[in-house]
Structure formats: structure tokens, C-alpha cells
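Construct all of the structure, not just a fragment, from the sequences and the given hints.
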Amino acid sequence: MQRLLEIDILRGILLLVMVINHTPSPLRGITTQPLGFVSAAEVFIFVSAFLCGLIFSRRLPSGGVVELKRLARRRIRQVYIAHLLTLLFCFAVIGQLLGHQAPFYNMVHSYLQRPAAAAFSALFLLYQPPLLDILPMYLVFLWFTPQIMGMAARVGWWWVAAISLLLWLAAQYGLKQWIASTLTGSWLVVDLGAFNLFAWQLLWISGLFLGHCFQQNRGNCTLVLTKTIWSIPAGLAIFFFCWRWSWIPISSNLGGHNWLLDKWSLGPLRVLNFFALLYLVLWLKPVLAKAIRWLKPLAVLGRNLLPLFCLHVGFALLAVGFITLYNLPNHWCYLILALHLALITCASLLLDRVSNPLISGNTPMPPLHG
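Numbering that gives the first Met the number 0 puts the first residue of the sequence shown at 0, with every later residue one more than the last.
Read the hints as simulated data drawn from the structure, not as lab findings. Note that the structure is predicted; figures quoted are calculated from it, not measured. Hints are supplied without guarantee of correctness; some may be wrong.
Derived EDC-like pairs: lysine to aspartate or glutamate, alpha-carbon spacing no greater than 20 Å straight-line [as the list claims (entries may be wrong)]:
no.: 1; residue 1: K175; residue 2: D190
no.: 2; residue 1: K295; residue 2: D351
no.: 3; residue 1: K175; residue 2: D132
Between beta-carbon pairs, the in silico distance windows are [as the list claims (entries may be wrong)]:
no.: 4; residue 1: I80; residue 2: L259; range: 34 to 42 Å
no.: 5; residue 1: R69; residue 2: S230; range: 43 to 51 Å
no.: 6; residue 1: Y325; residue 2: W157; range: 53 to 61 Å
no.: 7; residue 1: T323; residue 2: I237; range: 35 to 43 Å
Positions of the beta carbon are idealized from the N, C-alpha and C atoms, including for glycine.
Set out below in C-alpha cells:
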């Protein structure tokens, strides 16, 4: 067994995009949602779920849900430790050392006002400072994945999809906000981050399903749409791409209907854009798989994504704080971005040499055929 080279390269690309997006500079205007109203975070969650679906579907017949729980607990432990270390940096450096400066204070003001309660809440993923909200969402999804895979094996994916759609619909009507308001009255510090996990689970379930399909079909995921129907997702993907770049006379500011494109609650138009783009990618998979291999050096980033992402979060918080504090001009922003990229690159090469299994999580994966 070996790792999926294409997936490692894709994860490396996603990390680079996140580094650029989280470091203030004019370059962000190019890398923020370059293919339409789809961000790197959506692709990251979907790809992570795809890998889980691929691996868990292979283990489920022989080991059952018990084996899936063992695999999930092992990965949860790795991610949780990495998240705690990032939180420790955030509280110690951003909070205690730099928190007297306004930009840094704004990042962790809840912690500085109630340190003990905020730290305790963060242990249970209830308090999530800026940029520290995607790993908690990943942890929650991973925790429920064995049960989801077991349910799909028993009653079929249609029931899983139906429940997922109902949760997504409830998210559009304020389910997360209701739960947060219910918890806010307690002594805990409740800040569940920007992502609405009740909406984003739709991407996770979809990724699990696609991973399951690839495993069942040994990497060959056949697309069954006719040429006439195929033109619909292709046309939608092109439409959203042109809309994103203002090449058509429709404003992306929908006023009172902005929820349709909302990133954090995964609005309906964003969902439509994502799946149209996904279908296009699957249809072009043989071509893209060959083309992406030219970016093979980026695979080293994907192989060590977890520790590199945590390192990136720490540097990004510092970069945003200092750029805001001193109102740095663009040439300084580009210099800081270059340092950020250099740090990630050097760290990836070092981690690849050390290959620490506790943090990097280099779990062997089957090759992706087709």
C-alpha cells in the first residue's frame, strides 16, 4: 500500500492557498475562491472525508464498526494534541505576551477577560479563537464517522444523505445559533467559531460517500449522466466562475439574500457551485491526475499537512496582528508572506526527514487508480 500522490499534491496546494489567504496582501484577491464561490476550506473538508471514506470502507467488512472506532480514535488523538499545542501558542503568545496590543487583544479577548473559563471551554472545543475553528469541526466529524459508515452499511446511503440534508436545512434556519445561545448562559465561554458544522457536515457526508464509491469500484467512479445532462453541471461551474470574477453583470452582493452564498452556513448557491465543480473534476479526473503530477514537489506539504497547518495558524495570527498594528504597506506584506511560505517549506522538508508519526499522521493509503 502507498499514499495517494494526487491527494497529497492537492492538500499541498490547499495549504499554500490558505497560507496566502491568511496573510494580508493584495495576492489574496487572486487566491480567494479562484474557481467560483468555493473556498479552500470546503475542498479541505471534502478531501479529508474522502480519505476517511476510502480507508474506512476498506476496513469495515473485516473489522466492523469496532475497527473503525479504533482508527478514528487514533487520528482524533493526533489532531486533538496538535490543536491543543496550537491553542497553547495562541493563549501564551497572542494572549499573554501580545494581548495588550489592540489587534491581538481582539483575537483572544474572551480568553483575556476570563482566562480559566476560556481555557477550560477550549479543551472541550466550545471556545475557538480565529483560525482555530476548522480542526475542531474536523474532530467532531471524525468522531461520528464510524457510526455513519456503520449506518450506511446497514440501511444504505440514501438514509444517511436524507439526515444530512435535514441537518443542513436546519442549519440554514439557525440551529447552530440556537445551540450557542442555549450554552451561553452558563459559566463556560462559548464561541463555536465561524463554521456552521451542521451545514458543513453535508460536505463531510458527501466526501465519505465518494470515498466509499472509489473503494467499492477500485478507484473507478463511473459518471452516468448523459451528454445533455452533463452540460448542466458544466454550465453551472462556468457560470459561477464568471460570476465570481464579475465577468457577468450580476452583483455577488445579494443584499437581504446574502445567505444564499454564505460561506459559513454553506448557502444553497455555494452548495450548487461546489457539486457542479466536483462533477466537472470527476469527469476530467484522468486528465487532471496526469497534469497535477507536474506539481509532485508539493506532495511533501500534503504528507505533513497537520503540523504544517498548525504552524501556519500561529504565524498567520502574528502576521495579521503586526500588519494591522503598524498598518504595513504592501511591500512589507509581500515580505511577510514570503517568510511565511519559506517557513512552511523548510518545516515540511524537516518533517519529511524526521517523519514523526505522532503528529504527521502519515497513514499508508491505497493507490488511486482510474
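Run the structure past the numbered hints and jot down the numbers of the failing ones, going up.
none
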